[in-house]
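Asks: The lines below spell out each chain.
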Amino acid sequence: MSIAKLKPPAGPARMSVRECRLIIERLLVVAGLEPGRIPATRDLLVEAALLGVDVLGLLRDDPALFQQAGHGRYRVVDREDGIVELHADGELGAVIAPIVRDLIVERCAQDGGCTVHVLGARHAELLVGTACEIGRRGIAVAIQAGNATAVGAPSGDARVRLAPASGGASAPEPVAVIVAEATASDDGEALARYRARALRHGIEVDSALWLELYTRSNGALVPDTLTLRRHYGEVDDDGNLADPALDDLEVDRALRARAAASPLDPSNREGRAQ
Amino acid sequence: MHDTRHEAVVIRPPDTLMTPERLGALQPNRLSASRLLMAKMIRERWSISLAELEIDEHAAGTARYVIDAAGSRFEFVVFSSRPSLEGRTDRIIGQHWDMMGALLEGTVDEARLARTREELPKLYGGRAAEGTLIWARANRSMRLFDLAIDELAAGRQPPVDVLGTVCYLMRNIGLDGNGTFGTRSFLDFGSDHPLAAPLAAQMLASYLMREFSFDLVERLAAARSRQAVPLDPTIKRFLGLGNGSGLGLLFFSKVHPVLLDRWLTLREAALVRATGLEVEAGDARAQRLDGLLERAITHKLEDTTRHERAPTGPEVAEQLRIVRAELAAVLADPARTAAPLAALRDRAATLVDGETQEVLHALLLELLPEDSDAVAAQLTVDEDSRADPSAPVGELLARVRADYDWVNRFDLDAPGARSIGWYKSEDAEEPRRGPLADLPEGFDDLTLDLVAWIPALVDDLEAFDPAATVGAFLREQPQHRALVERIQTLAGLAFHTPRINWRDEQLFAAHLIRMANSAIHGLDKTAHPEPNGVIGVLFHGAPVRQDLVAGADPDWTYPTRPEIDA
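Residue numbers (the numbering used here), protein chains in the order written: chain X, 1 to 274; chain L, 1001 to 1566.
Hints in this document: simulated from the structure, not taken from any laboratory.
Backbone N, C-alpha and C fix where the C-beta goes; we use that ideal spot for every residue, glycine too.
Any given hint might turn out to be false.
To be verified - If you want the footprint, here are the derived chain L segments under chain X, 3+ residues with CB under 8 Å: (1) 1182–1193; (2) 1378–1392.
To be verified - Taking beta-carbon pairs under 7 Å as the criterion, some of the chain X residues facing chain L (in silico): (3) Leu-6; (4) Pro-9; (5) Ala-13; (6) Glu-19; (7) Val-29; (8) Glu-34; (9) Val-77; (10) Asp-78; (11) Leu-226; (12) Asp-236; (13) Ala-254.
With the hints as constraints, model all of the structure from the sequences given.
Replies: Structure below.
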């Protein structure tokens, strides 16, 4: 069925984690984000969405969200008071999320804990997706990012509270404050519970939202042409598939062999099959 | 969760196993998904009943199967159509299917049935009803299906020699689950679920499509003639479900390297255990292996599948005769020092081709005690990233040099060695590969181009402070992030990545499709009529549903043509 003819199903649509990953990945491709950055950015966006941040709504409302993303002009500054500053220079929170995660994991491995301030990031609330990944590495973390507050347990369990939006790229104060501490915890139960919840429920969205994002994400697929159809198999000049129906050929061959073996055998039924 | 990273097993090195030719030679075996499911269904005596078959003489209508899986209920609803030649193809871009089906948990009420009926035809644009595990679709093998109807309607069984050229009445066109189209996520099943093993839900849907093919052919024969007879159960067991697969299975190996490693590691470890078994001439194990070899020889002799880059069935049969003679010789050899089956395996490695060696390996696995549930439990893997940004750059560089030296063995200056791109078409997301020159600028290139990426990464790592962290490296070289995280996640695993140059126009992708089809899914008689596709048969020889409740024979592989009075 043509995508253009699709109508959203009645009621809300439930997107599985796998579908959410696929759609976000393709939207990142469509936006032109550098391929090497896409998997990590995608995964942390999905985590943020699972924690309750309206990632999908944001993607719908701002199709140009990722334009100019991934410019690479960020600086890490170690302050004398021990706080680590990440100057994002207007970068999107989702794109610097892997860097923030790395910084926290590195510093906790080195010093046992750290405080990171993120300055000048757009949509800093998207940073909360790091909470689970950081927690999964045995680190307790508290994130105040944009209008979101996240608390990640060492086991990777995480909670997020969302407040009315405030601050932004031009705010002089940090748009995100992250406090992390390495622990010796190896408790996987809470993480397992969290993951099970996410896997079972996925993300419930308005059907129209799902269909719009699905349709837009298909922009990452390569448009079909006669030449490209032939990359897989034979088609005629009108683009119709020339299917050799190999099993039919095998059956015909076997029936002919039967006929040749016993031409007078009344059970020879080649003629009927042809 | 079981982790095999540090098991002290002596298994083949990845240099030997991970070549496309050797991977393509791997055979269906006890660890294959269809075999694991069938073992469970037989052991637990699952009950499958046809609750509804409302199909007219043109094949249009519905069917419903109820599955009692040791106390858990599933239903498989089928929407059957009158066959049409228009839009018909084994490629996923086809637009007509003779049947579409959905496997759902629990009892399917009117609301879920209506939702499935409405959404299933939309496929990629559809949303599955709550509790749906799989959406499936299949086409008939046209000539053979028609022949079977003709013969049954005339009161005769269809000729087995003709059936044996194809070995199925219907052919799977697509199975979608694990979150796709709103189906339930596999990892949500939990370890107590009857379909907790990877691909088990897909295999159950396949088995039910096979059952439907029998019920449909009988229904249409009966509609044509009062003299019609049912299909002989012996023939049903001989017939499987056809399957055609394409390049998507290479993306499977790209996206699920941990799962691929687990499957191959468990198989290789089981093979080591099997070759270490004590065997004496004339004992039960020796007789069992000899009997399996005899059966496999007949099976291969009857295999008329046409191959381009693999030996034919009769050729393998000839070599299996050598293996069988070697078994007797090894058991009678007083001078041998190795365990007899290890000695047999070693001798086979010098006497017969890779395809035949892998048949022997699959047969050796049959000697191990039945522990399919335990194996299946180990197949569920944690695929989360294990990236470690705190690791030193020098450590990462050493890892890359040790694990990925193989990428330097390809001649990238050879004609066509860098000419191919992999992508998904907007037409049903069909996975394809084709000349880069044909593809639009900036297309989503899905090539796993390790032979180019790894040397570029090594160059940049060598220019970086070896004492710095990987995180610091990635802040300066973010283009390497996906590759670095993949390398760190796969550290310590042996069998995660087939050793191929994805960009090479000469790559025979069918080897790797066949690996997934045969070794992982469990297809028999796999053939590759073209470089990008593989066809084969699932559940070839497996018990039918009526056998299960009665207590089916678990020893059903390598079937030979049944003797039937026409």
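Asks: Taking a Cβ-to-Cβ distance below 8 Å as contact, does the region 1378–1392 of chain L have at least three residues touching chain X?
Replies: holds (count 6)
Asks: Using 7 Å as the Cβ threshold, decide whether Glu-34(X) counts as touching chain L.
Replies: The hint holds - Glu-34(X) has a Cβ within 7 Å of chain L, the shortest such distance being about 6 Å.
Asks: Does the closest beta carbon of chain L sit nearer than 7 Å to the beta carbon of Ala-254(X)?
Replies: 4 Å, holds
Asks: The hint names Glu-19(X) as touching chain L; please verify it with the least Cβ-Cβ distance against 7 Å.
Replies: Given a least distance of 6 Å, the restraint on Glu-19(X) holds.
Asks: Minimum Cβ distance from Ala-13(X) to chain L below 7 Å?
Replies: Ala-13(X) check passes; min Cβ-Cβ to chain L is 5 Å, inside 7 Å.
Asks: So is the region 1182–1193 of chain L in contact with chain X by the C-beta rule, three or more residues under 8 Å, or is the coverage claim wrong?
Replies: holds (count 7)
Asks: So, as I understand it, the hint says Val-29(X) touches chain L; can you test that by seeing if any CB pair is closer than 7 Å?
Replies: 5 Å, holds
Asks: Please verify that hint: Asp-236(X), Cβ, nearest Cβ of chain L, below 7 Å or not.
Replies: Since the shortest Cβ distance to chain L is 12 Å, the answer is violated.
Asks: Does Pro-9(X) pass the interface check with chain L, least Cβ-Cβ distance below 7 Å?
Replies: Hint on Pro-9(X): holds, closest Cβ of chain L at ~5 Å, below 7 Å.
Asks: Would you check whether Val-77(X) satisfies its interface hint, that is, whether its CB is within less than 7 Å of any CB in chain L?
Replies: Where the cut-off is 7 Å and the nearest Cβ of chain L is about 13 Å from Val-77(X), the hint is violated.
Asks: Mind checking the CB of Leu-226(X) against every CB in chain L and telling me if the closest is under 7 Å?
Replies: 11 Å, violated
Asks: Have a go at the Leu-6(X) hint: is there a Cβ in chain L nearer than 7 Å to its own Cβ?
Replies: 4 Å, holds
The structure fails to meet hints 9, 10, 11 and 12 from the earlier list, while all remaining hints are met.
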